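Numbering (my numbering), first residue to last: 345 to 521.
Hints are computed from structural coordinates only; laboratory data are not their basis.
Treat each hint with caution, since some may be false.
Unchecked claim - Below are the EDC-like pairs computed for lysine to aspartate or glutamate, each with C-alpha atoms no more than 20 Å apart in a straight line:
{"hint": "1", "residue 1": "411", "residue 2": "431"}
{"hint": "2", "residue 1": "397", "residue 2": "431"}
{"hint": "3", "residue 1": "425", "residue 2": "445"}
{"hint": "4", "residue 1": "429", "residue 2": "419"}
{"hint": "5", "residue 1": "413", "residue 2": "445"}
Said to hold, decoys possible - Label pairs and their in silico Cβ distance ranges:
{"hint": "6", "residue 1": "413", "residue 2": "474", "range": "51 to 59 Å"}
{"hint": "7", "residue 1": "403", "residue 2": "498", "range": "44 to 52 Å"}
{"hint": "8", "residue 1": "493", "residue 2": "399", "range": "25 to 33 Å"}
{"hint": "9", "residue 1": "467", "residue 2": "430", "range": "44 to 52 Å"}
{"hint": "10", "residue 1": "413", "residue 2": "377", "range": "30 to 38 Å"}
Treat the numbers as computed from the prediction; the structure is a model and nothing was measured.
All C-beta atoms, glycine included, are put in the ideal place defined by N, C-alpha and C.
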Amino acid sequence: EQVVESQTRHFTYYKDNKVIVKTHTMASPVELLSLSNPVFKSFTFWVGVLVIKMLLMSLLTAIQRFKTKTFANPEDLMSPKLKVKFDDPNVERVRRAHRNDLENILPFFAIGLLYVLTDPAAFLAINLFRAVGIARIVHTLVYAVVVVPQPSRALAFFVALGATVYMALQVIASAAF
345 EQVVESQTRH
355 FTYYKDNKVI
365 VKTHTMASPV
375 ELLSLSNPVF
385 KSFTFWVGVL
395 VIKMLLMSLL
405 TAIQRFKTKT
415 FANPEDLMSP
425 KLKVKFDDPN
435 VERVRRAHRN
445 DLENILPFFA
455 IGLLYVLTDP
465 AAFLAINLFR
475 AVGIARIVHT
485 LVYAVVVVPQ
495 PSRALAFFVA
505 LGATVYMALQ
515 VIASAAF
């Protein structure tokens, strides 16, 4: 038999000159980090999707390198007529998109996990995770696959950034108070 401790938070506020105390029992980390928790389950799903997406960026870079015969290492050259090249715009576009993923998705992984531990409302948390996941996929599509003019990329970027910053602020607030 497993005993799981829960934290109890008391919220005191005033309404009509009366003191009202509400109690909220927070689940334990074991409960929060379980696939029976819909928030953690959603987070796990979107982390898996985004890991696959980032791995596919390496493949997309390789495809662009072969299409344009642009290789960064001498041992990769397929013909003695080819030369090492670092400046193909198509390859560099995919590499920039991949770097942008690393700069934005990895922080989401860390802050998303901490956000799950704050025991957020399921509806909000699940939709924040969806927003980040879908926005990052759209960002790649409009930046590196089918280039679409701005503001498409900026909108996708700021949706994911906004959701991640919101989660970070909630984590900070939860830890501070």
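Checked hints:
Between the alpha carbons of residue 411 and residue 431 the distance comes to roughly 14 Å, so the proposed pair stays at or under 20 Å and holds. In summary, the hint linking residue 397 to residue 431 is not supported, as the alpha carbons are separated by about 24 Å, beyond the 20 Å threshold. Under the criterion of a C-alpha separation no larger than 20 Å, the hint pairing residue 425 with residue 445 is inconsistent with the structure, at around 34 Å. Of the pairs offered as hints, the one joining residue 429 and residue 419 holds, with about 12 Å between alpha carbons and a cut-off of 20 Å not exceeded.
A threshold of 20 Å between alpha carbons decides the hint, and for residue 413 with residue 445 the separation of about 24 Å lies outside it, so the pair is violated. Between residue 413 and residue 474 the Cβ separation comes to about 39 Å, which falls outside the hinted range of 51 to 59 Å. Taken as a hint, the range 44 to 52 Å is violated for the pair residue 403 and residue 498, whose Cβ atoms sit roughly 26 Å apart. In this structure the supplied range 25 to 33 Å holds for residue 493 paired with residue 399, their Cβ-Cβ distance being about 28 Å.
At about 47 Å, the CB distance of residue 467 to residue 430 agrees with the hint of 44 to 52 Å. Between residue 413 and residue 377 the beta carbon distance is about 47 Å. The supplied range of 30 to 38 Å is therefore violated.
Hint check: violations occur at hints 2, 3, 5, 6, 7 and 10; the rest are consistent with the structure.
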